[in-house]
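Asks: Residue numbers (our numbering), protein chains in the order written: chain H, 237 to 543; chain C, 10 to 405.
Source of the hints: derived by calculation from the structure; they are not laboratory data.
Quick caveat: nothing in here was measured; it's all calculated off a predicted structure.
There could be a bad hint or two in this list.
No more than 27 Å apart at the CA atoms, straight line, and that leaves these computed lysine-lysine pairs for DSSO-like [what the hints assert, rightly or not]:
hint: 1; chain 1: C; residue 1: 251; chain 2: C; residue 2: 302
hint: 2; chain 1: H; residue 1: 385; chain 2: C; residue 2: 123
hint: 3; chain 1: H; residue 1: 385; chain 2: C; residue 2: 124
hint: 4; chain 1: C; residue 1: 369; chain 2: C; residue 2: 385
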Amino acid sequence: MRPATVALGIALAAAFAAPLIGVYPVFLMKLLCFAMFACAFNLLLGFTGMLSFGHAAFFGAAAYATGWLVTARGWGTLPAILAGVAAAAALGAAIGALAIRRRGIYFAMITMALAQLVYFVCLQAPFTGGENGLQGLPRGSLAGLLPLKSDVAMYYVVLAAFLGVYALIRRIVHSPFGQVLKAIRENESRAVSLGYEIERYKLVAFVLSATLAGLAGSLKALVLGFVTLSDVLQANSGEVILMTLLGGTGTFLGPVVGAGLVVTLEEYLSDVVGGWVTVIIGAVFVACVLLFRRGLVGELAALRSRR
Amino acid sequence: MALRTLTRLAAGLLAGLGAVAATAAPDVVIGAIDDQSGVYADNSGIVAIKMAIADAGGTVLGRKITLLTTDHQNKPDIGASKFREWADQNGLNVVMGGSNTGVNIAMSKVAAAKKVPLFVIGAGGASLTNEDCTAYTVHYGYDTTALANGTATTIVKGGGKSWYFLTADYAFGTQLQTAAAKVVEASGGKVLGAVRVPLSASDFSSFLLQAQGSGAQVIGLANAGEDFVNSLKAANEFGVTKTMKPAGLLVFINNIHAIGLEAAQGLYLTEGWYWDMNEASRAFAKRYVEIAKRPPNMVQAAAYSATMQYLAAVKAAGTTDPDKVMAELKRLKINDMFASGGYIRRDGVMIHDMYVMQVKAPKESKYPWDYYKLVKVIPGEEAFGPVTGLCPLAPK
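Bound-form chain H, shown alone (with noise of 0.2 Å):
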C-alpha cells in the first residue's frame, strides 16, 4: 500500500472515531463545513482557473434561504437544505453568466460586486433579521428518520455529506468534463481553438461551485443554528481564498487541509489574541505566498514527484 493511501485510510478513520473520543463535535462539523466550501471554491480555482472574490454570497444566500425556510415556514430540514442549495445554484447561474464574460482581474471584480449587493441585500431585506441575522434554527430531524439534535448524530450527516462532496469534486475533475475545465485552466485559447465552446463549460464549473458552496453553507446554518451577516460578508470571500491558497490549489486534499488549519486557529488563538488572530493568520499567509507557493499539500505532492 501507498503511503497517502494509508494516510488517508488513518484519516478517514479518525474522522469517524472523533466524536466518539471526545473531541468537540461542533467544531468538527464547522471545520468540516469550511472544508467542503473550500473544496467547492478550489473547483472553481483550481482546476478551472477562475478566481472569484465573491463566493460568500452563494455560502451565504443558501444559508439565509434554509434558515429563512425553517423558522418562517417551518420547512423540514431535508426540503430546507436542497432549496437553499437550489438558491445558490440559482444565484451562481445569475452571477456566473454575467462575470464569464470577462477574465482574470475583471472577472474577479464582477463578481467581488455581485457579491456585494448580495450582502446589501441580506442587510436590509426584512426576512434577513439585518444585523441580528436569524437565530434559534431547529435542526429538526433527517427525513423524520433520524432526529439531529444530539451534535453527534449531526456530525456524521455533516461528514457524510462533505465526503459526498469530496468524492463528487473527484469525479467531475477526472471525467472528459473535468479534462476540458483543465484545459481551459493551462491555455484558454488553445481549448476554443480545439472546438470547445468554453463558455459553456465555465458556467457548468462555476454554477457547480456556487452549489456545493451553498450546501455548505446551508449545512452551517443548521449546525451552529443561526445565520449571520459574516455568513455573506467579502471577508467570508476572502477566507475561504485563504484556505484554498493555504492547503494548495488544484489538488484535492490542500483545501480541506487550509480549512483545517485556518479554522483551527481561529478557534483557538481568538480566545489568547482576540483581534490579532486575523493578524497572525494573515502573517501564516505571507509566509506560505513567500516560501511554499503551492500551498502545503501541493508542496509536499512536488517532494513526492521529485524523489
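Fit chain C to the supplied structure of chain H, relying on the hints for placement.
Replies: Chain C only, in chain H's frame:
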C-alpha cells in the same frame, strides 16, 4: 517504516485531542464574552468582573471561581459558538454578555438551550426581554426603553416638542429611534422625520443639513459610540446645535470625554449610573481607576454589580443549579454601589432608577471627569415601563 511512523503520529494526535477535550471543572465558571477590539471595546466590563471575583475572595460555596474571556469581535456567530463550546466542554455556569445587541440575542438562544444564565450588560436592545426573552436572560444596567423614556420625556416636557432623528442604519439604531419616537408622541411632541446614516459614516454634513432643514427643535441622535461622537462634533462645526437642541439617546461618559465639554455642553442624556453620584459609587470608581486608569462608565459598574449579584444568588441557593439560581436572582433585592432597591423582574429586566443628566459647561467642571449634573431621577418602574407581554414567560 513510513506506515509505523504514520500510525504513531495519528495515535499521538488522537491522544492529544482527547486530553484537550477532557476537562471536568468543579470550579464555578464565569464566562465574559465582550467586544475587546472593535467599536465598543471601550465599554468592556472585564476589569470590573475581575474586581468582583477578587472581592468575593475568588471562591463561592468553597469552590474556586474561574473566569473565561473571549472577544466576540461584534460577530454574533463567534459569541454564540464560544458560549456553546464553553457550556459543552468547560462546565460553564454563567455568562456576562458585553456590548452588541445582535451578539447577545444569538447568545440568549444558546443560554436557553444549554440552561446557562446570561447577564446582558453592555447591549441595549429591549427585545432581549421581549420577543427574544428566555428564562435565563437577565438584562442588567439599561435598555433602549429606559434610555428613550429618560431623555425624550425630559426634553419634550422642557419644551422641545418637534423632533428629527439622525439614526444609525442598523437594528439597534432603528430600535432606539422607534422607542424614542413613541415616547415623544406619547408626551405630546411630534416627530418631523428621520434620516438613516450608514454605520461608521465619516461625513455627516448632508444628513445634518437635512435635519436642520426640517425646522425641528430637537435633533435626536439614535446612534452610539464613535458615530455619536462624530455626529455631535460635526453638528457643532456646522452650527446645527445653535438652532437645534441635541439629544443623545445612548451616551457613555467616555464619549463625552472624547468630544470634550466645549462641544458637548448642554447635552441631555440618560445614564443608569454615574461615578460621582454618591459615596459608594465614588469609592468603586476610585478603586477602578487604580486598575484601569480611568473611571468606569455605567456598563462597567453594572458588570461588577451583576457578577456580585450572581455570586450572592449562588450563595443563597447553595448550588449553581441554573433554575435555583435564577429563582434566587429574581427574589433578591439589589442594594450596592450600582443600584438601591433594584430587582430583577419576571421578564428578566433589572429594574432600577435611571438618571437624566445634562453635560456641564467647561467652567462648571471642577475636577477630572466632572462632566454631569443631575437633572432628574426616574424611578425604575417608570423608566423601564410596565411588562409588555411580548415575552411569553411574562404575560401582562
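Asks: Hints first: check each against the structure and report whether it holds.
Replies: Status of each hint after checking the structure:
no. : hint             : in the structure
1   : C/251 with C/302 : violated (35 Å)
2   : H/385 with C/123 : holds (12 Å)
3   : H/385 with C/124 : holds (16 Å)
4   : C/369 with C/385 : holds (15 Å)
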